[in-house]
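Peer 1: Taking the hints into account, I'd like the entire structure generated from these sequences.
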Amino acid sequence: MKILTGNDLKSGAVIWWDGQGWSLHVNDAVDVADAGATLIAREEAAQNVFAAYVVDGAKDADGVRPAHIKERIRALGPTVRPDLTLKPADPAAVNWVI
Amino acid sequence: MSDVQFRFRDDEPVSDPAVTVDSFADQTNATAVRVEPSDDARELLPYLDRLRLIEVNFPAFTDGRGYSSARVLREAGFDGEIRAVGEVTIDMLSHMRRCGFDAFAPEQSLNPADAQAAFDRWSDVYQATADGRQPIWAKRHPV
Amino acid sequence: MYKYDNYDQQMVDTRVEEFRDQVRRRLTGELSEEQFRPLRLQNGLYLQLHAYMLRVAVPYGTLSSAQMRLLGDIADKYDRGYGHFTTRQNIQYNWIKLEETPDLLADLAKVEMHAIQTSGNCIRNISSDQYAGAAADEIIDPRPYAELLRQWSSFHPEFLTLPRKFKICVIASETDRAAMRLHDIGIKMVRNAAGEIGAQFYVGGGMGRTPMIGPMIREFVPLDQLITYSEACLRVYNRYGRRDNKYKARIKILVHELGKEEYTRQVEEEFAHLMTQGIEPPIAELERIKIYFVDPAYDTAASDELDLSDPDFRLWVERNTEGHKQAGYVIATVSLKPVGGIPGDASADQIRLMADLARDYSFDELRVTHAQNIVFPHVRKADLYTVWQALDAADLGTPNLDTIGDIIACPGLDYCSLANARSIPVAQKISERFAAKQEEIGEMKLKISGCINACGHHHAGHIGILGVDRKGKENYQLLLGGSEGADTSLGQITGPGFDEDGIVNAVEKATEVYLDKREQGERFLDTYRRIGMAPFKEALYG
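Chains as they are written, first to last, in my numbering: chain A, 1 to 98; chain B, 1 to 143; chain C, 1 to 542.
Treat the hints with care, as some may be off.
[As the list claims (entries may be wrong)] Simulated crosslink set (DSS-like; lysine-lysine; CA at most 27 Å straight-line):
| no. | chain 1 | residue 1 | chain 2 | residue 2 |
| --- | --- | --- | --- | --- |
| 1 | C | Lys260 | C | Lys248 |
| 2 | A | Lys2 | C | Lys471 |
| 3 | C | Lys290 | C | Lys3 |
| 4 | C | Lys97 | A | Lys10 |
| 5 | A | Lys87 | A | Lys2 |
| 6 | C | Lys246 | C | Lys110 |
| 7 | C | Lys248 | C | Lys325 |
| 8 | C | Lys248 | C | Lys167 |
| 9 | C | Lys473 | A | Lys87 |
| 10 | C | Lys537 | C | Lys517 |
| 11 | A | Lys2 | C | Lys473 |
| 12 | C | Lys248 | C | Lys165 |
| 13 | C | Lys77 | A | Lys10 |
| 14 | A | Lys87 | A | Lys59 |
| 15 | A | Lys10 | C | Lys110 |
| 16 | C | Lys3 | B | Lys139 |
| 17 | C | Lys167 | A | Lys87 |
| 18 | C | Lys437 | C | Lys325 |
| 19 | C | Lys77 | C | Lys110 |
| 20 | A | Lys87 | C | Lys77 |
| 21 | C | Lys110 | B | Lys139 |
| 22 | C | Lys537 | C | Lys471 |
| 23 | A | Lys59 | C | Lys473 |
| 24 | C | Lys77 | C | Lys165 |
| 25 | C | Lys471 | A | Lys59 |
| 26 | B | Lys139 | C | Lys290 |
| 27 | C | Lys167 | C | Lys290 |
| 28 | A | Lys59 | A | Lys2 |
| 29 | A | Lys87 | C | Lys97 |
| 30 | C | Lys325 | C | Lys290 |
| 31 | C | Lys77 | C | Lys167 |
| 32 | C | Lys167 | C | Lys246 |
[What the hints assert, rightly or not] Which chain C residues face chain A? A few, computed with CB under 10 Å, are given here:
| no. | residue |
| --- | --- |
| 33 | Leu27 |
| 34 | Glu138 |
| 35 | Gly472 |
Read the hints as simulated data drawn from the structure, not as lab findings.
Cβ coordinates follow ideal geometry from the N, Cα and C atoms, glycine included.
Peer 2: Okay, structure coming up:
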């Protein structure tokens, strides 16, 4: 699947296109097929996101898994500071990245 | 060709078309020239008394060679109009002014209030440039 | 240290208001991201992997305890309770909000701090020797010259849209503690035959994709020509530096492609012209700045005795302190590399503790080193035990300066959107693996970069590690024999890369070769230079 990620302009938070808007959680990301560029142009013009780009991903049992380790770290948070990630209480979260 | 939106001169604006630096030497009745980022502004030094207008082009606002071109020309004593053309944005205006630009013809016209705020932003400056403003180090040590 | 006058304060305050207005125009959409990006970069605000990151300038690595305390408060107020000290003597915060940045900058301005030009295609923070003003071997304190250059470079209207970033370093000793030769402009303050102080210019050093050691361009620039000469170097770069290819846009490429002689010729020509333009501040301005850098009021009766009966204290003193030019004092380095920790990170509480200790025991002054540690430059020996106990209780007392545990590491893929691999977990594993062997291995500068941009300075490591992406997986190359001192050399790659566990094993094998082959008194670097790469290659790859 092709998913979109970008950042919230005011806060800088990493966000993922969920089909209607932008979510903090990669598991909400939807497959945009080849509509990525069009969606990005529209959403950036509306200032709903900036620095957005298309990422390869796959649906698995847990949710949505970005294909590259960089976007998995982006989705979760720094692997060396589990307390600062989106899943501070989950000891297996870092394994998901790797 | 964009209009001059801001000008800090009292004399009549030059409306002659600006020729390229390459062709300028041969065109003995040209009074206006356009300097591109890759041009060497020093090639104009022998002809400054013929020139009334020098346009300096910023095809991309990220290409900062025009700032050096303007300063080089002012340092050589040119007191005609140096006009910034191309991708001229609000946030470049005060730097351009300091480098010797006294006219601005942005591709996209600029919000006049924002532009005025930009020109007026800095009450002091750290460096001496050919704009004649007294730098902070001179104010600290009046002669 | 330098204190702002009304002019300096006005400049930073104006800058805050300028940025506040730029943020306003960005949020209304008046400014596009493309137009806004260089403006926020020149106010230190990067977009990183997780959020905006703000890089606050610590000019030539010197700060007061009040400034340090505010840096701790900013970590709490605007970020997530910690900061990261960088390889250019700055501090970074990883979770900053754009809409809060103008207020953050206003808070910084109240203690004479800023984030001006810490990113972007402009002249960046000017770095210096972390022991400046305290070292026994400096010919003069380099920092007044760095301050003069800081003011000259701040908001310089001609040089805000350079082909690429520009990094300047100023030192004043033969021992280069600041990697001066690996800067775009490196300046060494020297004395000429007549005993006059002047500046020796090296131009075109740098790391990244194409590491180069800067050649000397001018042996002696008199003090009253320092700004004019610098301006000439920059103007030639602004006019002729490559703008067609981002990876060939640094001045090192220009100097390399023109050749040192031609670049020098162009600079001297421009310099001769600029000398007619009256752009040099009077010597009185340098003298005005120097007054802020006179020696602190040392206790001239301070005892040179030190009770080293506590073995942990003794180890820390031997490792982390350096002789001071003033009897009875030492230079003390606070390690931000606890075993298994994140190199260069400090919590808000740790930052405030260091601020308090500096206020009470180091004449109110601290330094940030490019090895990501903190220095108390002037500590009385009589106070040293008290200082160490406080540091030790806060996990800041690791006795590992310049050993294998004192790892320099960029933030890497855990934080940085440019990275190919994570660097911090590698640093943590190495730190833990070698904790017990630190003393045996001795002096070791181990540096890790998570990508070819080399923010971890891996080319200058005795052991260097470069993270790469190999078919979508993190992979690590090993380099040996780099050095950033006066004997600057660039590390050589050993061969094929390793995975995360593999690189830690590879480092271990390299140290085993060293321990096996070393001769009396040799550091790892010395043994490598004597025996060459072959024995290491053999051990690594069989």
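Peer 1: Confirm or reject each hint.
Peer 2: Hints, one by one, checked against the model:
1. Distance hint between C:Lys260 and C:Lys248 is fulfilled; the C-alpha atoms sit about 17 Å from each other, no more than 27 Å.
2. With a C-alpha separation of about 20 Å, the suggested pairing of A:Lys2 with C:Lys471 holds against the 27 Å cut-off.
3. Under the criterion of a C-alpha separation no larger than 27 Å, the hint pairing C:Lys290 with C:Lys3 is consistent with the structure, at around 11 Å.
4. Under the criterion of a C-alpha separation no larger than 27 Å, the hint pairing C:Lys97 with A:Lys10 is consistent with the structure, at around 6 Å.
5. For the hint linking A:Lys87 to A:Lys2, the alpha-carbon distance of about 24 Å falls within 27 Å, and the restraint holds.
6. At roughly 37 Å between alpha-carbon atoms, C:Lys246 and C:Lys110 are farther apart than 27 Å, so this suggested pair is violated.
7. With a CA separation close to 43 Å, the supplied pair C:Lys248 and C:Lys325 exceeds the 27 Å bound.
8. For a cut-off of 27 Å, the pair hint linking C:Lys248 to C:Lys167 stands: about 16 Å separates their Cα positions.
9. Under the criterion of a C-alpha separation no larger than 27 Å, the hint pairing C:Lys473 with A:Lys87 is consistent with the structure, at around 23 Å.
10. Between C:Lys537 and C:Lys517 the alpha-carbon distance is near 14 Å, which keeps this suggested pair within the 27 Å criterion.
11. Straight-line distance between C-alpha atoms of A:Lys2 and C:Lys473 comes to about 20 Å, which keeps the hinted pair within the 27 Å bound.
12. For the proposed pair C:Lys248 and C:Lys165, the alpha carbon gap of about 12 Å is at most 27 Å, so the pair holds.
13. Proximity of C:Lys77 to A:Lys10 is assessed by CA-CA distance (about 17 Å); at most 27 Å being required, the pair is judged to hold.
14. For the given pair, A:Lys87 sits about 19 Å from A:Lys59 by alpha-carbon distance, which is consistent with the 27 Å threshold.
15. For the hint linking A:Lys10 to C:Lys110, the alpha-carbon distance of about 24 Å falls within 27 Å, and the restraint holds.
16. Straight-line distance between C-alpha atoms of C:Lys3 and B:Lys139 comes to about 17 Å, which keeps the hinted pair within the 27 Å bound.
17. Pair hint C:Lys167 plus A:Lys87 does not hold up; C-alpha atoms about 39 Å apart against a cutoff of 27 Å.
18. For the hint pairing C:Lys437 with C:Lys325, the CA-to-CA distance comes to about 32 Å; that exceeds 27 Å, so the pair is violated.
19. Between the alpha carbons of C:Lys77 and C:Lys110 the distance comes to roughly 15 Å, so the proposed pair stays at or under 27 Å and holds.
20. Among the hinted pairs, A:Lys87 with C:Lys77 is consistent with the structure: their alpha-carbon atoms are about 23 Å apart, no more than 27 Å.
21. With a C-alpha separation of about 23 Å, the suggested pair C:Lys110 and B:Lys139 falls inside the 27 Å cut-off, and the hint holds.
22. A hinted pair counts as satisfied when its Cα atoms are at most 27 Å apart, and C:Lys537 with C:Lys471 qualifies at roughly 24 Å.
23. For a cut-off of 27 Å, the pair hint linking A:Lys59 to C:Lys473 stands: about 20 Å separates their Cα positions.
24. Restraint check for C:Lys77 and C:Lys165: the C-alpha separation of about 30 Å exceeds 27 Å, so the hint is violated.
25. Straight-line distance between C-alpha atoms of C:Lys471 and A:Lys59 comes to about 21 Å, which keeps the hinted pair within the 27 Å bound.
26. As the CA atoms of B:Lys139 and C:Lys290 are separated by approximately 18 Å, the hinted pair is consistent with the 27 Å bound.
27. Annotation: proposed proximity of C:Lys167 to C:Lys290 holds, straight-line Cα distance about 23 Å (limit 27 Å).
28. For the suggested pair A:Lys59 and A:Lys2, the alpha carbons sit about 11 Å apart, so the restraint of at most 27 Å is met.
29. Taken as a hint, the A:Lys87 and C:Lys97 pair is honoured in the structure, with Cα atoms around 21 Å apart against an allowance of 27 Å.
30. In summary, the hint linking C:Lys325 to C:Lys290 is supported, as the alpha carbons are separated by about 18 Å, within the 27 Å threshold.
31. The hinted pair formed by C:Lys77 and C:Lys167 fails the criterion: a straight-line CA distance of about 30 Å is larger than 27 Å.
32. With a CA separation close to 16 Å, the supplied pair C:Lys167 and C:Lys246 stays within the 27 Å bound.
33. Contact between C:Leu27 and chain A, as hinted, is supported at the beta carbon level, the nearest pair being about 7 Å apart and thus within 10 Å.
34. Given the 10 Å rule on beta carbons, the hint for C:Glu138 is violated: about 37 Å separates it from the nearest Cβ of chain A.
35. Proximity of C:Gly472 to chain A holds as hinted, the smallest CB-CB distance being about 6 Å (cut-off 10 Å).
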